[in-house]
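K.L.:
Just so you know, the sequences run in chain order A, G and X. Using this note's numbering, you'd call the opening residue of the first sequence number 10 and step up by one each time. Using this note's numbering, you'd call the opening residue of the second sequence number 2 and step up by one each time. Using this note's numbering, you'd call the opening residue of the third sequence number 196 and step up by one each time.
Simulated from the structure, these hints should not be mistaken for laboratory data. Here a beta-carbon is modelled for each residue, glycine too, at the ideal position from N, C-alpha and C. Warning: the hint list may mix true and false statements.
Each computed SDA-like pair below joins lysine to any residue, with the alpha-carbon atoms no more than 20 Å apart [unchecked claim]:
#: 1; chain 1: G; residue 1: 11; chain 2: A; residue 2: 34
#: 2; chain 1: A; residue 1: 122; chain 2: X; residue 2: 428
#: 3; chain 1: G; residue 1: 11; chain 2: A; residue 2: 117
#: 4; chain 1: X; residue 1: 247; chain 2: G; residue 2: 13
#: 5; chain 1: X; residue 1: 242; chain 2: A; residue 2: 278
#: 6; chain 1: A; residue 1: 122; chain 2: X; residue 2: 197
#: 7; chain 1: X; residue 1: 247; chain 2: G; residue 2: 158
#: 8; chain 1: X; residue 1: 210; chain 2: G; residue 2: 96
Pulled a few chain A residues facing chain G out of the computed Cβ check, cut under 10 Å [stated by the list, open to error]:
#: 9; residue: 21
#: 10; residue: 27
#: 11; residue: 30
#: 12; residue: 37
#: 13; residue: 41
#: 14; residue: 42
#: 15; residue: 44
#: 16; residue: 189
#: 17; residue: 273
#: 18; residue: 275
#: 19; residue: 487
#: 20; residue: 489
#: 21; residue: 582
#: 22; residue: 645
#: 23; residue: 647
#: 24; residue: 683
Looking from chain G toward chain X, a few residues come up when the C-beta cut is under 7 Å (computed) [claimed, not checked]:
#: 25; residue: 52
#: 26; residue: 59
#: 27; residue: 63
#: 28; residue: 64
#: 29; residue: 66
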Amino acid sequence: MTEEHIIGTSVPRKEGRDKVTGAARYVDDMTLPGMLYGATVRSRFPRGIIKKISFDPQFTWSEFVIVTARDIPGKNCIALIGDDQPCLADGKVSHPEEPILLLAHANPHLLRKAVDAVTIEYELLPAIFTMEASERREHIIWGTDNTFKTFLISKGDVDRVWSKADYIVDGEYTTGAQEQLYIENNGVIAAFDLEQGITVWGSLQCPYYVHKALMALCGLKEDKVRVVQMETGGAFGGKEDYPSIIAGHAALLAVKSRSPVKIIYDRTEDMTATTKRHPSRTRHRTAVSKDGKILGGEIDFTIDGGAYATLSSVVLSRGTIHAGGPYYWPNIRIRGKAVATNMPPHGAFRGFGAPQSLFAMERHMDRIAQTVGLSPIEIRRRNFLKPGQTTTTEQTIREDIDLGKLLDRALELSDYPAKKAKFAQENQTGPIKKGIGLATFLHGAGFTGSGERYLASVVGVEGCADGSVRVLVSSTEFGQGTNTVLCQIAAEALNLPYDDVRIAQPDTNQVPNSGPTVASRTAMVVGNLVRSAAVGIKQTLIASGMLGDAYSPEEFRAACKNHIAEHGKLCSTARYDPPPGVFWDDEKYRGEAYATFAWAAYVAEVEVDLSTYIATVKDFVALQEVGKVLHPILAKGQIIGGVAQGIGFALYEKVVWQNGRMQNGQMTNYIMPTSADLPEIRVFFEELGNVHGAYGAKGIGELPMDGPAPAIVNAIEDALGARFDSIPLLPEDIFETISADGVR
Amino acid sequence: MTVPSGRQGKCEFTFTVNGRRETVRAYPMERLLDVLRHELNLNGTKEGCGEGECGSCSVLMNGELANSCLIPALQASGAEITTIEGLAGESQLSVLQSAFLECGGAQCGICTPGMILSARHLLNKNANPTTDEIREALSGNLCRCTGYAQIVEAVAQAARHRSAE
Amino acid sequence: MRSDPADHELIAPGKLQTVVQLLAEEPGKWLPIAGGTDIMVQYAAGKLPARKLVSIWNLPELRTIEISPDEITIGAGCTYTQLREHDLIASEFPMLASAARWTGGIANQNRGTLGGNIVNASPAADSLPALLAYEAELILVSTRGERRVPYLGFHTDYKKMNLAPDELIRAAALQRKFSGYLHYARKVGARSAQAISKVSIAALGRLRGYQGLDAVGDMIDEVRVAVGSVAPIPLRLAEVERIVTGKSIDPELVESARNAAAAAIQPIDDIRSTARYRAAVTGNLVAEFLQQLRDYGKTI
């Protein structure tokens, strides 16, 4: 096997130069002739019947484009998984900020005033805002029982373990909503004409999701809808399904007005109206032997989906499957449930259910340790999954992962044992209390179960007339390095310089559907297809006699040009082929949930200042096994960025709700960490390879989101000796807990 | 439609942007950010929050870092303004821009123009900042992608290169 | 952006005299705008009622810092950056320098002004506790001339102050008499930078006989304690000051001081924090100040 010379090196970011010079084009940088601005009139209330819509007569409404549910040519829904979410509310509203009607005008300032000049009268209906109220079914707000979805994972015979247990450990853990807070707000431009149909340019992750949604909304065939991704300023899941809504709105205005329409949200609208991480509640009951072995347990994992189903079933799926952590459960019952409330629908955010259930699992492991009288290290060591054992879904671990060794290395890198002892000593005096905590976890990359099979992703690699190579995927770049990594893979596969490979802008008219850019699947799954397709064009050239088995870049270029001159084009496609022996049962929720898992051990060191109750992270070690590091700088950047978001999830980012509406929808009041708040985050990798991933890579984009919050809260408990089972954990919460405990 | 009191009409403003004298017609209360983007087609300066928190709209005004979303056009009249477009030479990137590229300082890129200007402002005042000084200087520029580490490295690298020049 | 630039008038006369003339001719009609770091945020949110604004940004008369042997006079148009970088402020009025350093990020420090901070009168304003502790005086200017008022008592209630509709703050004057004191300031916010304060404190303290060669002991000679974000206006904790003056610093005194502080403040629950948290932290910071004062005495 040839030595890799591009994979594993930190080649320059493909679109990096444009980004550092300000030349990169985001959707708000684009204008079209005759373009109008669009805006959305939204519900002020969480639930009600729309009785009357009035337009202030002081405005000349004939100058405005006005769109209501009546104007929808196709189906009034945002086509995703179910069809329950209307594009525009029709007669009733189910959450604050629900879109009711749309306006467009050439003057954006006048437009803003016009939004405020529409008055809507409602007959208010009782609304619910908590999972508990939803479960109690005080009011039925969705379906017959407020429940979007349930899952049951069952392994072994849980009911028989309780009598054998030396300890039964209970715990309840909750996590709050979290805003993705990409620095570029949602935005889109739509244009329509009878010939071409609808074209949409947007800040988005999944062009083909938007494509599918617009076809249904506008009643158009697939060749009459075109979606183009612009440079996207951060996404993290917040632009996975939401863009279908804003694109739908712009498209409806464009269809009605026959002018291009631009909609760009401001920060407050984006925060209050778009998706957030699902709040969660996890209940654990675990049967443990006196030597700290897990005999079995029950886990009850519930998430708040907001008013419509959207992606909740999939978030629930991932959270439920990850709920048991990286441990061996001989017997387990996991019940997952997603319920409805009258809040704007929650959605995808890096980790997608796993950060929620893994927070609970890792807090609970420390709880079990305390109950049994073992250290947090030892309790984990005794229960880690080993090769040959099965997960909660009975997936056999087939790779040579040694979690005990991984943990040992993390402990050494963080100086855990010495620090724990030192802190216990130092904490005896002074207002600064120090603690150290750990979390061990796993993250399955790619779509769950048969998901990749249903996606049936397709990728293209083509030779161009100038002899260069172009990658054709609908996978999008939004900072994580898609462009760079996929070009690296193609270059490696073709043995060409990295600079000879380009990647097409994701445009549904130009690129095949390589699936959504989610689930940490791009490098691993799509990358593997890019590799295949690249090899495909090489083989075509070799088979046609234009290229030898070994060749220089110049020879390749010449052969490529010759081939195109003779045949018109040079292109190879690759379609996802499910690997043999990977079997998943959707009914029983059992089998190989993911093609592969990445594994990690994180250690957080914190200080809590008892004069202000403020906890800060002082040091952080992030150690993970990721198959293969394709690009060291990008990989490190993903981990550090994810850990930073995890620190925010744990200590800073609180959504303040009132009657289902976010009250702190400003950057001033929704607190994410600045450069002054974060410690050095020390990143280390191990590489075991991955037969299912390009060049052995596993997906890593979401992995770093899972570990920081529990490691930090474990550390705070170590520092203060008090229990905290809920995040975000703000100084106010620390104060209330320890002053109740009598600690000053 | 009633016209609120205080209507003034547009005025002509002149300033120097990236070394070029520019004259625009704008309302005095037009935000400098909007003047740059809409009147001068300099789209490198971004709007992330509109409240002076995220720093994506940072520019240098008379050599001082400022959030252009909070500056009315009238107050920028006669000023020397540098935007991200003013940093690169004809064919060469600035030392900071190169460092950002080498160190992974830009991921999605939306905070990058403001971040680079903020770094430029720091290095103009303090040629050899410590890591803590870099972190403090950049604390008004929010980045959601990188967790800041590779940005701080880029600034430190640029500082070393500049002092070597 | 939720305002229309066409709906607001902004003029920049360029001279203090002209501005003051305008305020006299049309009192209450023109809102002075300096660096705009508060006003422009309200404007962008569509929440600026003022339709006419007069720019006082960069007026030379407002940006001077004058030093005499007894006093420093800081122009109201001085930016936080100017305060931070001024040697004398840093050495003799470090709590004002630290307040400047803790306000926003560098970009906002370059534009935010001392006068703006005072007149905007957010209960959480960063520089106000330091001005109270340093017993600043404000120099107010109008066509009727100048008047000098103690900063203490300037604010009367939430966003209400002793400033006539035709007056501007021209400067703040601070007496150069605080060397040898412990200067103790802390800001408690939601994060290390760019945070609106939940609680802030600026305190000065001196122990008895500190200038003498004899052992000092821990008896308090004088203190000034000012707090922000725990009432509609920044507060001097007069009762705390009264209780501790002339006493030895021991645990009982610290406890009494805590209780007096709790009684004096009126913290609220709001989007950033809770009344109970604010009250507890205020007490902790007052206690920490006294403990540091006791230790400060030991080092002299």
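K.L.:
Each hint should be assessed against the structure and marked as holding or not.
P.N.:
Do the hints match the structure? See the list:
no. : hint           : result
1   : 11/G to 34/A   : violated (29 Å)
2   : 122/A to 428/X : violated (34 Å)
3   : 11/G to 117/A  : holds (17 Å)
4   : 247/X to 13/G  : holds (19 Å)
5   : 242/X to 278/A : holds (15 Å)
6   : 122/A to 197/X : holds (8 Å)
7   : 247/X to 158/G : violated (47 Å)
8   : 210/X to 96/G  : violated (41 Å)
9   : 21             : holds (6 Å)
10  : 27             : holds (8 Å)
11  : 30             : holds (5 Å)
12  : 37             : holds (7 Å)
13  : 41             : violated (14 Å)
14  : 42             : violated (15 Å)
15  : 44             : violated (12 Å)
16  : 189            : holds (8 Å)
17  : 273            : holds (8 Å)
18  : 275            : holds (6 Å)
19  : 487            : holds (5 Å)
20  : 489            : holds (7 Å)
21  : 582            : violated (29 Å)
22  : 645            : holds (7 Å)
23  : 647            : holds (9 Å)
24  : 683            : holds (4 Å)
25  : 52             : holds (5 Å)
26  : 59             : holds (6 Å)
27  : 63             : violated (9 Å)
28  : 64             : violated (10 Å)
29  : 66             : holds (5 Å)
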